[in-house]
Amino acid sequence: MKGRRPQRNNKGDGGANKRSRFVLFLDFNEGGMGLNNNKAKVYAVKYCSYVLILLALYVLQTTPGFLSVFGIKPNLVIPAVVCIAMVEGEFVGGLLGALGGMLLDLGAFSVFGFYSIQLLVICVAIGLLVIYLMKNNLLSAAILCGGTALFLGITQFFFLYALWGYEDVFRLYLTKILPTGVYTTVFTPLFYWGSRKLYDFYQSKLEL
Amino acid sequence: MGDFFKSIRFKILVAVLAFLLAFMLRAAYTGGLAPMTSQILGILTNPLQKASASVSASFSGLFDRMFRSGEILEENERLKEENRRLTQRQLEFDKYKLENEQLKEYLDIKEKNPDFDFETAFVIGRDPNDRFYAFTIDKGSLDGISLHDPVITEDGLVGMVVEVGPTYAKVATILDVMLEISSYDSRTKDIGITTGRIDLAEEGLCQLTLLQRESGASAGDIVITSNVGGLYPKDLVIGTIREVRTESHGISLYAVIEPAVDVRTVKDVLVITSFEGQASAAE
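Residue numbers (this note's numbering), protein chains in the order written: chain A, 1 to 208; chain B, 1 to 283.
These are calculated hints, taken from the structure and not from any lab test.
Note that the structure is predicted; figures quoted are calculated from it, not measured.
A hint or two may mislead.
[As the list claims (entries may be wrong)] In the SDA-like style, the derived pairs of lysine to any residue whose C-alpha atoms are separated by at most 25 Å in a straight line are:
no., chain 1, residue 1, chain 2, residue 2
1, B, 267, A, 51
2, B, 11, A, 51
3, B, 6, A, 133
4, A, 135, B, 3
5, B, 234, B, 270
[Unchecked claim] Per label pair, the in silico range of CB-to-CB distance:
no., chain 1, residue 1, chain 2, residue 2, range
6, B, 220, A, 71, 20 to 30 Å
7, B, 229, A, 151, 35 to 45 Å
8, B, 274, A, 167, 45 to 55 Å
9, B, 44, A, 136, 30 to 40 Å
Just so you know, even glycine gets a beta-carbon here, dropped at the ideal spot from N, CA and C.
Looking at chain A on its own, in the form it has when it is part of the complex (with noise of 0.2 Å):
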């Protein structure tokens, strides 16, 4: 077994209140209830910025002719959720990847959950496996970013256009399936630099 397991602290101040409480019921990652105002402050700021930059990116993905080339456009929201889940582990990386598919699925064409279930189970497989499994590296989100949009891209083909029999359904997969996955998987890098630098930030004004 290699990588990390997250250190679980269930130490609480005795003196916290309730919406820190509340707050802090969310970050399981680090033991969870019962810290102080402060640091409930800066873990909201942090899931607060997390869900806008999704927002930010769905409204980047979806703008007309933004990135696209040859008709072909990068899904954003993917890289970005997976290296989320990458550093945040499986329970806030499911729940951001929850998110991010329930935008994937405002834009798309496909029945409402398609995405956002099939990104939570992902997204809680990538924090198991980057605990467990594999390393939390560079070419770990790669091979992860790739994955999950190869598998999205698979299930959409399968679902919406294979099991419905067009004619010549194969060359739709092959000119704008893969190429949209594999142009996803291109923002990796960025994505995994911005995904550790915002979580060394705050992990720094929780070490405060």
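Chain A is fixed; fit chain B onto it per the hints.
This is chain B only, laid out in the frame that chain A set:
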């Protein structure tokens, strides 16, 4: 890892999964009606998408002029040729128009002007996961838009509303393989179904399928809607036939259509919220 599956974190994640599954089932049951979570996210993101699309539109115009000069020259030549062809057609048209007016006068038939109700809309999003240039517009059910409303520009048909939220709607284009539009050749009156085709969609083309082998359809003919089924008004222009080919099974023909509207780059559209002969979404 066993700890994780026994922990409260795992139970919360399973609860979220169950919640998403419930919404998925509801979405599948209600069809094009956006679920509550999508509606909330849509309301949050639509203003941002609108702003982002406006900025993108102004930049793309600038870059188009800078980088697409060769393409524009080629297009200019093509348009000149088309202009010559259209001028010739115009002469014929004027002749037929005069004849038609005389006939109408003679038969005392009033020309029918279909009562369309329009809603203008702006394209605010194009999803990277969609393969047939589908897009999201900035108007929804609060503006009177409903499921299956036809979407057009002044040049012709663009597609159909396939999902509606309060402030947004998703539009599938005529290049989509899932859309089937009853239509006919305006010259020969040969009927068929206009739909997308994967290999043609890459070039921004679609097809008129199920043409009989005896069909007289040929390049240059205009394909228009026929209102069979009540989803589209009669006589909306879809596009011009580029060529006629035999289907792989050899039983019928299909015509490759160059749409009147380039749906890959369209930015402003009109949604027809009501028209004569419209079928309700429930039908």
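Here is how each hint holds up against the structure:
no.	hint	result
1	B:267 x A:51	violated (29 Å)
2	B:11 x A:51	holds (22 Å)
3	B:6 x A:133	holds (20 Å)
4	A:135 x B:3	holds (21 Å)
5	B:234 x B:270	holds (16 Å)
6	B:220 x A:71: 20 to 30 Å	holds (27 Å)
7	B:229 x A:151: 35 to 45 Å	holds (38 Å)
8	B:274 x A:167: 45 to 55 Å	violated (35 Å)
9	B:44 x A:136: 30 to 40 Å	holds (32 Å)
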